[in-house]
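> Sequence order for the protein chains is U and P.
Letter 186 of the first sequence, counting from 1, is numbered 186 in the working numbering, and no numbers are missing.
Letter 60 of the second sequence, counting from 1, is numbered 60 in the working numbering, and no numbers are missing.
It is possible that part of the hints are untrue.
Said to hold, decoys possible - Where chain U lies over chain P, by a calculated footprint (3+ residues, C-beta under 8 angstroms):
1) 58–67
2) 211–224
Unchecked claim - To give an idea of the interface, some chain U residues facing chain P are shown, with a C-beta separation under 8 angstroms as derived from the structure:
3) F47
4) M81
5) M82
6) F113
Bear in mind the hints are in silico, worked out from the structure with no lab data behind them.
Just so it is clear, CB atoms sit at the ideal spot from N, CA and C, and this is done for glycine as well.
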Amino acid sequence: MEPKAAAAPRRTPSLVLAEFETASGVLHAAEKVHQSGYVRWDAHTPFPVHGMDRAMGLKDSRLGWIVLACALTGLSGAFVMMHWMNGIDYPTVVGDKPPGAPGTVPSMVPILFELTILLSAFGAVFGMLFLNKLPRHHHPIFASERFRRATDDRFFISIDADDPKFDVDATRAFLEAAHASRVELIEEDAS
Amino acid sequence: MAYWEPVTELGEAAFVQPGSTLQDITNDIARVSETRAPRGWWICFLLALSFSGIFLFCVSYLFWRGVGVWGNTAPVYWAWDITNFVWWVGIGHAGTLISAILFIFRQRWRTAINRFAEAMTIFAVICALIFPGIHVGRPWLLYYVFPLPNQMSVWPNFKSPLLWDVFAVGTYFTVSLLFWYTGLIPDLATLRDRSLDKWRQQIYGFFALGWRGSNRHWQHYERCYLILAGISTPLVLSVHSVVSMDFATSVIPGWHTTIFPPYFVAGAIFSGFAMVETVLLIARSVFKLHRVVLMRHLELMNKFLLLTSLLVGYAYSMEFFIAWYSGNPNEIAHFFVNRPTGPYWWAWVWMIGCNVFVPQLYWSKKLRTSIPVMFVVSILINIGMWFERFVIIVSSLNRDFLPSAWGYYRPTIIDVGTFAGTIGVFFTFFLLFMRWLPMVGMAEVKGTMPQADPHLASHRKVDGVPAPAHGELVAEGAE
Chain U
1 MEPKAAAAPR RTPSLVLAEF ETASGVLHAA EKVHQSGYVR WDAHTPFPVH
51 GMDRAMGLKD SRLGWIVLAC ALTGLSGAFV MMHWMNGIDY PTVVGDKPPG
101 APGTVPSMVP ILFELTILLS AFGAVFGMLF LNKLPRHHHP IFASERFRRA
151 TDDRFFISID ADDPKFDVDA TRAFLEAAHA SRVELIEEDA S
Chain P
1 MAYWEPVTEL GEAAFVQPGS TLQDITNDIA RVSETRAPRG WWICFLLALS
51 FSGIFLFCVS YLFWRGVGVW GNTAPVYWAW DITNFVWWVG IGHAGTLISA
101 ILFIFRQRWR TAINRFAEAM TIFAVICALI FPGIHVGRPW LLYYVFPLPN
151 QMSVWPNFKS PLLWDVFAVG TYFTVSLLFW YTGLIPDLAT LRDRSLDKWR
201 QQIYGFFALG WRGSNRHWQH YERCYLILAG ISTPLVLSVH SVVSMDFATS
251 VIPGWHTTIF PPYFVAGAIF SGFAMVETVL LIARSVFKLH RVVLMRHLEL
301 MNKFLLLTSL LVGYAYSMEF FIAWYSGNPN EIAHFFVNRP TGPYWWAWVW
351 MIGCNVFVPQ LYWSKKLRTS IPVMFVVSIL INIGMWFERF VIIVSSLNRD
401 FLPSAWGYYR PTIIDVGTFA GTIGVFFTFF LLFMRWLPMV GMAEVKGTMP
451 QADPHLASHR KVDGVPAPAH GELVAEGAE
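My request is simple: use the sequences and hints to build the entire structure.
Printed below as a string of structure tokens:
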């Protein structure tokens, strides 16, 4: 049995969560949070809110570059595969065409295209998950009961405790001044 | 003018029933998986399940006895199985069209039906892939089509359209699955957050990947969705084009046609829209989705059906023209004599009647806004499109170049059972999807509602938009 005295762990704040009732409310609050210099914070909305990326000062997504790299890999991989298999390793003459490139490039087009698309799709989905650091099933924010409505009809702003500007009382007061309908502090057990 | 506002001058109405709150949408859609299934669902499910049983029986018998249990014989070696394959792949196409092409064109009405249509794509492509798989005769040698090192040291022939088909349909299935799942992630998170018991929370939570609606995530997510839509658009056009090349690269009159790729794509979208509509009408009445799936959506789909019917009709008439213009007696005999008056004239009549004539009813607004009419028409179109593939495949093959080799193809009961069985498999998957997954994209529907517009002010009175109700439409001034 654990001694009773050790049962109450020390709690440290992990984030402050502010709730808003409307899309416009959260958008204007996000502008204020961004302007006042917070960096480790986020908005949580049931659907992407138009203009939020600009309000938060986010840079353009880099996902397109990942997808481009995957697309080029798919294209060149498909070419190398077909040229090597039908042209070099086991030359296959069909329709009286010389095996391998360049003679058979026209008949390679469908598979070149399909593999480009296939790898681009993998790049888009897995690249998106990579950039988002998902899957991540445990996050301090899920400790909030009210946060369940973030995927329903409520809008939230969370400011992380490891933000350089973070201060429990000041941040809380700041969010209240930004017309949050409710502000709560989320704490975790200190490790 | 905000993007969600209907253009009343064009006779448009709201995307979502006016007066609905964000929570209404969540409740309407999430409720389906949280409450007991309605009786209508059980009836449909048990029916579909019994057809799946027929499918399992037929396929087991086929594997036991061999392909001889089908009616395929000289000169018709490609019969129902390939007909069914092309039919099912085609049905899948509307799903990608709705989710990708309409997304790129910013057709926001697609949000009511896109999840459905994407699910339909996946299940239809599963049904489609079954047929070439069981048609090879020795299914345990199916790995020959993949570029795998094997004991014969032979690689696949990449010049073969049949191999292109493997890559095209395989890619199509994979990309559709990724697209569908990506769209599901935020909605799975909604189901996770609404769940009251541990099991639901854990299962939906597992697949929701810890989604927390973060805007930093939404940014990459939206870009991902846009890229997927962008690459799916040429993909969907390529898939049925490649399927059509299975035929078009041959020398058989009736197959050897350069118009095939666009003709097949138009037909695919046509039949797919019809199937979406059939399934949607069933789901709408069984699960009472009248708030989200409005007559406006259905009418737009019917206009799409009319358009694609005209495209298909154009392709049919072009086939006649090209046959005549080619001056080739085999082509002329095939299109002008064999198809309309040959042994399969009745299939040709079904094809023309259902695909070209029946959809013309939709010129009338009264008919295209009538639920019973559209239900019957959508089924007739699918019958017509099945017969189109039957006409292309069987009537082109049954009269070979040598009249002495002519033959008449008759399906066996196993052919019929396998086909009917895949319809059961399709609906079994579909009903399970409707029951357990959000069948309308909640996050996407919410994005088209007035409440999603962050610049909406309460003093602005807009037609069709309700007065602010309990904090839903609180304006900027009220903050």
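> Each hint: holds or not?
Now the hints, each set against the structure:
1. Here the segment 58–67 of chain P counts 0 residues with a CB under 8 angstroms from a CB of chain U, which misses the bar of 3, and the coverage is violated.
2. For a cut-off of 8 angstroms, the count of residues in the segment 211–224 of chain P with a CB near a CB of chain U stands at 14, and the three-residue condition holds.
3. About 4 angstroms separates the beta-carbon of F47 of chain U from the nearest beta-carbon of chain P, less than 8 angstroms, and the hint is met.
4. A least Cβ separation of about 6 angstroms between M81 of chain U and chain P falls short of the 8 angstroms threshold, and the interface hint therefore holds.
5. Interface restraint check for M82 of chain U: the shortest CB-CB distance to chain P comes to about 5 angstroms, inside 8 angstroms, so the restraint holds.
6. Because the smallest distance between the Cβ of F113 of chain U and any Cβ of chain P comes to about 6 angstroms, under 8 angstroms, the interface hint for this residue holds.
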